[in-house]
Amino acid sequence: MIRNVAVAATLLLVAGCGAESVTDTSAPAPAKAYSGEADTREAAPKDAPTPPEQQRSSGLRAGSVDDNVAFADYMKYREKFAGWNIPVRDIDVRQSRIVTVVDQDGRPLPGAIVRAGQREVRTFADGRAVLTGSGEGTVTYGNASVPLAEQGSTKVPVSRPSGRPRLQVLFLIDTTGSMQDEIDRLKATVATVAQRVNDLADLEFGMTLYRDRGDAYVTRTTDFTPSVDAFRSALAEVQADGGGDAPEDLNAALAEALDKPSWRDETLKLVFLIADAPPHLDYQDEPDYATSITAAARRGIKIEPIASSGLDDQGEYVFRQLAQLTMGRFTFLTYGADGGSPGDNTRHHVSEYAVLSLDELVVRLVQDELKPLR
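Here our numbering runs 1 ahead of the position in the sequence shown, where the first position is 1.
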């Protein structure tokens, strides 16, 4: 199954590609409909040859899906996937609900803690979060605590903090041998990306790199810094190497990305996962990605997965789990009829999506996150 999202160019292409026309998104772009049958196409090998240059040009186009918006379609996809006997860590989302919290003036309230039974989540910039299961709950913000509304928004008697938003962006990057192109794109464009984002919020960059057991390292983390020059210097040392099998140690990387950097409660928090392989599910001595999803949702850390070359069906399912439960989106490149040149089609298991140039799409992910606070 072709899974070519040659990115790290994502937040990256923002500037490297320069000005570019944007597809009209007034109607969904063409999509290869999901047939509902088990997919028998073979996944591209993890270390497949680098895509043609035309795929890595400024003409790159991408789609994204928000599985919380099209939740019925997402549930159908999960039902079909269950019949394919592909191992994953299942998280029951059949009774999940989106909760919305506002302040006393009706404005979205990020950072509110929502509890119901043993479940706890923190609201994102738009005041929303995904809460799995049913039952009564409470919403807490500072010293104020109110019952969770059964329907509609929950209003907390506080005023949302004013001032310029602060945003922490962590790049979680697979640095095995097949990822060099993506890493090079990030190196080339991160300064201009920072400039674009800094127009919207006070920004800090950090990164967690990962490979697999037996490589030169499994994980490495560079803590957040407001200095773009310092971040670029650290990024300049990064090279792709190692790997070899399809899964990588994404489990260890996710756990470190959540625990090691200096995340702050008062900031908006985004993780851009840039990878081309699913996690190892056979490593039993470390937290798995399901544990990390729960931790990210509890701390208000949104995960935006961006699939790179060769991501298979297992990887797609995992990436969409990461996005759905943290209110993120699943992003993927789209192609023409030849399957190689930029276009509007995809072979992912999605039925409707709008298409933009990849750089514009990623900028909009950040803009959408900050919009409720502007």
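Honestly, I wouldn't trust all of these hints.
[Said to hold, decoys possible] Each pair of labels, with its calculated beta carbon distance range: (1) Glu353 <-> Asp242: 18 to 28 Å; (2) Asn86 <-> Thr226: 43 to 53 Å; (3) Arg375 <-> Trp85: 34 to 44 Å; (4) Asp260 <-> Ser228: 41 to 51 Å; (5) Leu282 <-> Lys81: 28 to 38 Å; (6) Thr193 <-> Asp369: 42 to 52 Å.
In case anyone wonders, no lab produced these hints; they're calculated from the structure. Treat the numbers as computed from the prediction; the structure is a model and nothing was measured. The beta-carbon is built from N, C-alpha and C at its ideal position, and this holds for glycine as well.
Here's how the hints hold up against the structure:
1. Glu353 <-> Asp242: 18 to 28 Å: violated, 39 Å
2. Asn86 <-> Thr226: 43 to 53 Å: Given about 45 Å between the Cβ atoms, the range holds.
3. Arg375 <-> Trp85: 34 to 44 Å: holds, 43 Å
4. Asp260 <-> Ser228: 41 to 51 Å: At 23 Å between Cβs, range violated.
5. Leu282 <-> Lys81: 28 to 38 Å: violated, 20 Å
6. Thr193 <-> Asp369: 42 to 52 Å: Cβ of Thr193 to Cβ of Asp369: about 20 Å, so the range 42 to 52 Å is violated.
Violation of the numbered hints given earlier is confined to hints 1, 4, 5 and 6; the remaining hints are satisfied by the structure.
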